[in-house]
Amino acid sequence: MSSFLQQCFNGLVSGGFYALLALGLAVIFGMLGVVNFAHGAFFMLGAFGAYIALAEWGVPFWAALFVVPALLFIFGAVLERTLIRRLVPFDPLYNFLLTFGLTLVLQDLVKREYGVQSQPYPRPAELSGSLDLGLFDYPAYQVFVLATAVVLCVAVWLVLTRTRVGMVVRAATERAELTRALGIDVGRWVTPVFAFGVALAGLAGVLAAPMRAVNPLMGADLIIAVFAVVVIGGLGSVFGSVLAGFGIGVAQSLGNLYVPALSQTLIFIIMAVVLLWRPAGLFGREEART
Amino acid sequence: MIRMFLRHTEPAGRRSLRYPLLAAGLLLALALPWLIYPPVAMDIACWALFAAAVDLLLGYTGLLSFGHAAFWGSSAYAAGLIAIHSGLPFPVAVLGGAVLAAVLAVPIGYLCVRNSGIYFAMVTLAFAQMVYFVANQWRAVTGGENGLQGIPRELFGLDLSDPFVFYYAGLPIVLLGLWVLWRIVHSPFGHVLVAIRDNSARARAIGYPVERYKLLAFVLSAALSGLAGGLFAISHGFASLQEVNWTTSGKAVMMVVLGGIGTLWGSTLGAALVVQLEDYLSTSGFDGIGIVTGTVFVLVVLLFRQGLWGAARQLGAAADRALRRSRRPPPPPPAGPEPAEPIPTSSTTAR
Amino acid sequence: MRTTIRALTAVLTTGTLLAAGCSRGGPSGGGDDKVSGDKIVLAVLNDQSGVYADLSGRNSVEAVRMAVADFQAKYGDRAVTKNIEVVTADHQNKPDIANSKAQELYDRQQADIILDVPTSSAALAVANVAKAKKKLYFNIGAATTELTGKQCNKYTFHYAYDTFMLANGTGTAVTKEGSKNWYIVYPDYAFGQDMEKSFSAAISAAGGTVLAKDPTPFPNDNFSTFLLKAPAMKPKPDVLGTMQAGGDLVNLVKQYNEFKLREQGIKLSVGLMFITDIHSLGPDAFAGTTFTDAWYWNFDDRNRQWADRFMAKTQTRPSFAHSANYSAAMQYLEAVQRAGTDASDAVVGKLEGYSYDDVFARNATIRAEDHRVVHDVYLAEVKPKSEVKTDWDYEKILRTIPAAEAFRPASAGGCSL
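Which chain is which? The protein sequence lines are A, B and C, in order. If you read the first sequence in this note's numbering, its first letter stands for residue 917, the second for the next number, and so on. If you read the second sequence in this note's numbering, its first letter stands for residue 28, the second for the next number, and so on. If you read the third sequence in this note's numbering, its first letter stands for residue 14, the second for the next number, and so on.
Wrong hints could be hidden among the right ones.
The calculated lysine to aspartate or glutamate pairs, modelled on DMTMM-like cross-linking and capped at a C-alpha distance of 20 Å, are [stated by the list, open to error]:
| hint | chain 1 | residue 1 | chain 2 | residue 2 |
| --- | --- | --- | --- | --- |
| 1 | C | 249 | C | 276 |
| 2 | C | 409 | C | 190 |
| 3 | C | 398 | C | 297 |
| 4 | C | 146 | B | 186 |
| 5 | C | 242 | A | 1053 |
| 6 | C | 326 | B | 314 |
| 7 | C | 409 | C | 314 |
| 8 | C | 146 | B | 181 |
| 9 | C | 273 | A | 1048 |
| 10 | C | 146 | B | 189 |
| 11 | C | 147 | B | 189 |
| 12 | C | 193 | C | 227 |
| 13 | C | 52 | C | 347 |
| 14 | C | 247 | A | 1053 |
| 15 | C | 326 | C | 98 |
| 16 | C | 409 | C | 321 |
| 17 | C | 249 | A | 1053 |
| 18 | C | 326 | C | 75 |
| 19 | C | 273 | A | 1042 |
| 20 | C | 52 | C | 98 |
Derived by calculation from the structure, the hints in this document are not laboratory data.
Isolated chain A (complex conformation):
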């Protein structure tokens, strides 16, 4: 039993990454209607940012956790202002393709500079032991990652539901024209929200650096799964994405255990089943579907 729980815990940790990335994607989609294919590349940039910060300037992990997402926030804002907003008036396909092109460029730029091989990034010394969680021991760093993911998701949830900013963002997400008609300047929140989504992806990348291989393609493999997670949760729903993220993490972990041959397509089978049952995803809204 304790090994089953351990595997579930495993799943929650990897689900944490899915949840963070799906959260960013959902927020960006909700606010801008943009399906951000480059989200995986931003995740990779976060991890590489942490590596470069350490290798070039000796910036330790704890500082990188704040510095790198801040830099990516600025990068995201610039990107939105210069490129993304030009295509928002048109069919979402165009922005999807734009972000796809961006992914290729970003990945290749990193590849040219650092090669395809993985870069070393050590775990922070303070977290290199194991924690006794009662039923089982678990690497401390992974517990930290899970805790951070949960805290961040809860924080975003609180901001969205309890603050004025969050209220505006939610209103703009669900009823943009009506919100504007009521006199609220939706436009000024678009750039910060997009930049926030990018920063969140970067933060996930920094968290991943000590426990995953840091190479230019680390985001590419992840992004398809994250898309599936967001679709399962429901494209318009922040809560759905987070829940689906953690849920899929656990499902994959258990899938690896019981049906390893199938585990690669498990997420797609789940997605197909969910969409057959609820075409807008678990918590999506019907109108967001067309």
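Fit chains B and C to the given chain A structure using the hints.
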């Protein structure tokens, strides 16, 4: 329903240009292996048909499929297996592959067309990943990661080993596929698809069974993708997991976007361009294929949403205006209508 | 006006690009002299932009150029021809590009031999092209035993390593040293499946037991499920055998260290590892890991000298793929020299059954039955960082596995030449 395909509607565009353009295209297709390395020429032909089939869904029905590699690839494997095990002439094998792709598309399409927009793309991707998984696991049949090797080219005992000769043997299949697409697009059925693309709620209100039309378009698109994929496998002599990989679907979409969504000529042009680009980058020694491809994508999407074919048409229209202005001095001609956005943003599409 | 200018630029660029690709058409021709076209062309077809770019890639082209230079220095005026060219193409890990490029290299660039070609599907596709064109092909980068098995042909030679050699070396040696209980984890595709089969066979033959063998998704970045399963198994495995390669391997090892499996008594054995993988994580992450290496640069003086020359040209230490490319090119040229012509059949005749000893391949023979090049391989262990005295000196060679033992017997492959 059959009548919807048989009646021929007048294609858009200027009559006087249409037939010369078709003739020029045919001539180019016949001359291609003289200009370009023959195996690459065959690749261009196969991809052109595939891209055009994807365009039928994307440009004319408004459905972005990110899983068409499932049809291209499963047909590649099927055609390969038929060719290896039965010794039938290769067009039969290719047709067999197309039939399999069409059969596969019925259940997949049925489940997918209930969605649209990005959901449609994701569901098609999901099913394509499942097909990939089956191809990878069913190693006895597909060879798994090693691929299905040693596919022969059989045609009544003729020696087709020279790719130059094989191009001419395979070209009729591609031309047939493109002709079928052309007829579909310029038929009442095709017009209904466009109506569905522009405003599916309105089409439904008028009384068209929208899902059935979408499903039919999906199956036709899959069958033609299969035709292209089967020929591709015979041409290369093998079928590999690359054929069912999602990046292959993405490549087809890229060709359509580059060439011009909603124009069959555009897909052909886009296919030629992407294949040439890939080929060129392979030997150029330039260390940055992704940078080039990605930048091209970004530029096209930002600046040339009509695609290159659309850009060419714009040039043609501009030249035409200039010509007319020089012939008849006053009055200043009214500003010609700007080509419409290839995919209209109606109020029902996702923001 | 602006849109017209944009449109014009687009159309012109497209036109130029399309036209640039032209003039390579036309039906293929033939021709034969003593040395075809009066020159020998060696073509390196490999991955120069994807996952194999670092362990082989462009540096392998450099290695081949070194071989050409050495050959010319050795024979001077006695060489069959002084006109030797090296060309290359990037197959981007796509078998259809590999297929087209191989044909083009043989036809248009008059390549007499193609070298390298990683990725099994590409490797097999090129083997078929070589057979059709009747030109030589030395595969170095791919691991599939099919090249010397059911898909063997007269013009294809498998040079450096394959799944059997990797499994047999490590599996047998580690089991015999006392680690009897294995838990095997492998990526669920042809390479992983082949490795698992070979490892299981070798382990059983050496008296060990495979407690469990789990396929993992490929690619995959999260191995926690499997790593957590290992210590809980009864009996506990002595060693975790992993068939992951590249980025997956790095992920697995990082997490192996996280879960402190080594401290729990579960050693790590890797199916396929390149020195560049060790470099990615640093030796401490891999310390104590055993694997079979086809060649190691710091093994003896001869290797070191070559590695120094390589470093002068490329600023990095060579992996076994680099030196295998050098050796393959050299042996090809020597065979041409012996045959007096670069006509494929004659050269094949001089290669089959030939025994030699060069910097990469020690005690080597090119088997006539299946065109498998057998040579000594090495059981290696990764040093901890404290023992690493110079850059890239990560491996400790535990023992040499002689050529006769290392590779699959010719009769077992199913090749009929």
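Hint by hint, here is what the structure shows:
no.: 1; hint: C:249 x C:276; result: holds (13 Å)
no.: 2; hint: C:409 x C:190; result: holds (16 Å)
no.: 3; hint: C:398 x C:297; result: holds (5 Å)
no.: 4; hint: C:146 x B:186; result: holds (14 Å)
no.: 5; hint: C:242 x A:1053; result: holds (13 Å)
no.: 6; hint: C:326 x B:314; result: holds (18 Å)
no.: 7; hint: C:409 x C:314; result: holds (15 Å)
no.: 8; hint: C:146 x B:181; result: holds (18 Å)
no.: 9; hint: C:273 x A:1048; result: holds (14 Å)
no.: 10; hint: C:146 x B:189; result: holds (10 Å)
no.: 11; hint: C:147 x B:189; result: holds (14 Å)
no.: 12; hint: C:193 x C:227; result: holds (18 Å)
no.: 13; hint: C:52 x C:347; result: holds (15 Å)
no.: 14; hint: C:247 x A:1053; result: holds (18 Å)
no.: 15; hint: C:326 x C:98; result: holds (18 Å)
no.: 16; hint: C:409 x C:321; result: holds (19 Å)
no.: 17; hint: C:249 x A:1053; result: holds (17 Å)
no.: 18; hint: C:326 x C:75; result: holds (8 Å)
no.: 19; hint: C:273 x A:1042; result: holds (16 Å)
no.: 20; hint: C:52 x C:98; result: holds (7 Å)
Checked against the numbered hints given earlier, this structure breaks none of them.
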